[in-house]
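2 protein chains.
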Amino acid sequence: MKALEERIKKDGIVLSESILKVGSFLNQQIDIDFMMQMADEVARLYDGVKVTKVFTIESSGIAFAACIAAKLHVPVIFCKKSISSNVGSEVYSARVHSYTHGNDNDIVVSKEYLNPDDFVLIADDFLASGCALQGLISIVRASGAKISGAVVAVEKGFEGGGDSLRAEGIRVDSLAIVESMSPDGSITFRKQQ
Amino acid sequence: MKALEERIKKDGIVLSESILKVGSFLNQQIDIDFMMQMADEVARLYDGVKVTKVFTIESSGIAFAACIAAKLHVPVIFCKKSISSNVGSEVYSARVHSYTHGNDNDIVVSKEYLNPDDFVLIADDFLASGCALQGLISIVRASGAKISGAVVAVEKGFEGGGDSLRAEGIRVDSLAIVESMSPDGSITFRKQQ
Chain A
517 MKALEERIKK
527 DGIVLSESIL
537 KVGSFLNQQI
547 DIDFMMQMAD
557 EVARLYDGVK
567 VTKVFTIESS
577 GIAFAACIAA
587 KLHVPVIFCK
597 KSISSNVGSE
607 VYSARVHSYT
617 HGNDNDIVVS
627 KEYLNPDDFV
637 LIADDFLASG
647 CALQGLISIV
657 RASGAKISGA
667 VVAVEKGFEG
677 GGDSLRAEGI
687 RVDSLAIVES
697 MSPDGSITFR
707 KQQ
Chain B
517 MKALEERIKK
527 DGIVLSESIL
537 KVGSFLNQQI
547 DIDFMMQMAD
557 EVARLYDGVK
567 VTKVFTIESS
577 GIAFAACIAA
587 KLHVPVIFCK
597 KSISSNVGSE
607 VYSARVHSYT
617 HGNDNDIVVS
627 KEYLNPDDFV
637 LIADDFLASG
647 CALQGLISIV
657 RASGAKISGA
667 VVAVEKGFEG
677 GGDSLRAEGI
687 RVDSLAIVES
697 MSPDGSITFR
707 KQQ
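Listed in order, the protein sequences are those of chains A and B. Here the first sequence is numbered in the working numbering, starting from 517 and rising by one per residue. Here the second sequence is numbered in the working numbering, starting from 517 and rising by one per residue.
Hints may contain errors.
Each pair may be met inside one copy or between any two copies, as identical chains are not told apart.
[Claimed, not checked] When the alpha-carbon atoms are kept at most 30 angstroms apart in a straight line, the in silico DSS-like pairs for lysine-lysine are as follows: (1) K627 - K707; (2) K566 - K587; (3) K526 - K597; (4) K537 - K627; (5) K627 - K597; (6) K707 - K587; (7) K662 - K537; (8) K566 - K526.
Keep in mind that the hints were calculated from the coordinates and are not lab data. A quick note: this is a predicted structure, and the numbers were derived from the prediction, not measured.
Same shape as in the complex, but just chain A:
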């Protein structure tokens, strides 16, 4: 999505060769009108593809997933990173490593919200190693639901997580794929159709 690449170049901050800060419009502070345009692009990409639920993980993926769900007019479900008093005991779970926080989380979702007749679009804000998406995918598979695809706002192509998932046959759409970043702040994007 050209507009997202341009926005990243304008407002993203390259903190190192591997860390990109987009907190001013995608995370912490969200330019919601722009995110709705991103969701429009997702709706265009999935036109004609059956989707009954959008599925994400707390917390930075929630806004993007909610915008997509609003455009597709389907519910959005989010995994929690810990069991709390209002989750219930019947859950699907998966262990996910967070490179941002440097720890492992057992992500959980109540079994009642995913069913074998669901067609699930997985959504997240960032895709790097792919750990979070793999956790979400394993939960969808455990539920018996079908995976319609996975969409992310920004993929770090150089980390390889997205291409590994594509090699496994998962449809993965990223609105922008960062191929490389250099300490002087320049960003190269992968060419997409």
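Here the structure of chain A is known, so what remains is to put chain B in place on it, guided by the hints.
The following block gives chain B in isolation, referenced to the frame of chain A:
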């Protein structure tokens, strides 16, 4: 909001006299079309009131805050419950006790996203003791921004947090106020105009 009260009566589950589970449409699984209607109601309540940012806390408030921001066409900002590598070091913070998780969190937000010329609408899904809203209010005050009001989807009126804030002069709007719940599952709502 009558439609929300009816939805809570239909799909909410009273787990005890103090715990209401609304995970099938407000939290974990979100009926986003319905949440957009709730956001329409918030936009109606704040018609003519200046709002430049919607402000919430991760993670269950994010979807509601994002829907409100989409209707008001202003950015949404969310506090994080821990400092991560992409937050930055210049932050406003407040200590908030979570009754759901039974722990304290130091919520943080980058200073760059709240400014003295902002008019902030605080938003969250639930209001019980008011700890989360108090933390958000203290951060807005520290930034020098003005508080336009606080909106929540569901207030537990019997916990008193909302009325304490109102007594302090904060405008607090709750789309539904649960006055009492009984173990047989019946729910009584506070009458609102």
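To see whether the hints hold, each was checked on the structure:
1. K627 - K707: neither (39 angstroms within a copy, 35 angstroms between copies)
2. K566 - K587: Both: 14 angstroms inside a chain and 27 angstroms across chains, each within 30 angstroms.
3. K526 - K597: Result: close only across copies, 28 angstroms inter versus 32 angstroms intra.
4. K537 - K627: For K537 and K627, the Cα distance is within 30 angstroms only across copies (15 angstroms; inside one copy 34 angstroms).
5. K627 - K597: both (15 angstroms within a copy, 26 angstroms between copies)
6. K707 - K587: The answer is within: 26 angstroms in one copy meets 30 angstroms, while 34 angstroms across copies does not.
7. K662 - K537: So K662 and K537 pass the 30 angstroms test across copies only (27 angstroms; inside, 33 angstroms).
8. K566 - K526: between (35 angstroms within a copy, 28 angstroms between copies)
When held up to the earlier numbered hints, the structure conflicts with hint 1 and nothing else.
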